Amino acid sequence: MEVIQREMTAFARRARASAGRMHPELSLVSYTLLGHLEESGGCRATDLAAHYALDKSTVSRQVAVLERDQLIARSPDPDDHRVQLLHLTDTGRRLLAQVTERRREVVRERLADWAEEDLERFAGYLVRYNAG
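So the sequence shown is numbered by UniProt numbering: it starts at 1 and just counts up by one.
By construction, these hints were calculated from the structure, which means they are not laboratory data. It should be emphasised that the depicted structure is a prediction, and the values quoted were computed from it without experimental measurement. Note that the Cβ used here is the ideal one computed from N, Cα and C, for glycine as well. Among the hints, a few may not be true.
Using C-beta positions, here's what the derived DEER-type ranges look like [stated by the list, open to error]: (1) Ala64 x Glu105: 28 to 34 Å; (2) Gln84 x Glu2: 42 to 48 Å; (3) Pro76 x Glu120: 42 to 48 Å; (4) Arg94 x Arg128: 29 to 35 Å; (5) Thr58 x Gln98: 23 to 29 Å; (6) Glu2 x Asp69: 37 to 43 Å; (7) Gln5 x Glu67: 33 to 39 Å; (8) Thr100 x Asp77: 25 to 31 Å; (9) Arg104 x Val65: 22 to 28 Å; (10) Ala64 x Gln98: 21 to 27 Å; (11) Val3 x Val83: 42 to 48 Å; (12) Met8 x Glu67: 29 to 35 Å; (13) Met8 x Glu39: 19 to 25 Å.
Can you build the whole structure from these sequences, using the hints too?
Listed below in structure tokens is the structure:
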């Protein structure tokens, strides 16, 4: 368990550092929020906070930066006009695609010499861990 915990910590640190190098203004948190907005087609800020188990103030700060940078925009919820939905702008969608491709390239390079069965097993373990 000690080795797993240590290696997961190193993995998380590497992911944060890597995100900063790929796009200095786009933190790992911002990247994941943009990704969720793309996958979900848009949602409320409170949904983002709940999904990622983040404090609402953290999400609020990140959303403010993403709005300022015109990566996301708000629109009224058609079911409840008191609620604002967040969604990607075209600029946000393009930036997310660019950063995602760069991240994939880095992962491909790191895992280039892994056997296919090792990659499949690793992917399965990650899915299983994150589902729990």
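Taking the hints in turn, this is what the structure says about them:
At roughly 30 Å, the beta carbons of alanine 64 and glutamate 105 sit within the given window of 28 to 34 Å. Remark: the range hint 42 to 48 Å for glutamine 84 to glutamate 2 is upheld by a beta-carbon distance near 45 Å. Look at proline 76 against glutamate 120: about 44 Å separates their beta carbons, and that is inside 42 to 48 Å. As the Cβ distance of arginine 94 to arginine 128 is approximately 33 Å, the hint placing it in 29 to 35 Å holds.
For threonine 58 and glutamine 98, the Cβ-Cβ distance of about 24 Å falls inside the hinted range of 23 to 29 Å, so the restraint holds. For the pair glutamate 2 and aspartate 69, the supplied restraint of 37 to 43 Å holds, since their beta-carbon distance comes to about 40 Å. Taken as a hint, the range 33 to 39 Å holds for the pair glutamine 5 and glutamate 67, whose Cβ atoms sit roughly 36 Å apart. A hinted range of 25 to 31 Å holds for the C-beta pair threonine 100 and aspartate 77, which are about 27 Å apart.
One distance hint, 22 to 28 Å for the beta-carbon pair arginine 104 and valine 65, holds here, with the actual separation near 24 Å. For the pair alanine 64 and glutamine 98, the supplied restraint of 21 to 27 Å holds, since their beta-carbon distance comes to about 22 Å. Between valine 3 and valine 83 the Cβ separation comes to about 45 Å, which falls inside the hinted range of 42 to 48 Å. At roughly 32 Å, the beta carbons of methionine 8 and glutamate 67 sit within the given window of 29 to 35 Å.
One distance hint, 19 to 25 Å for the beta-carbon pair methionine 8 and glutamate 39, holds here, with the actual separation near 23 Å.
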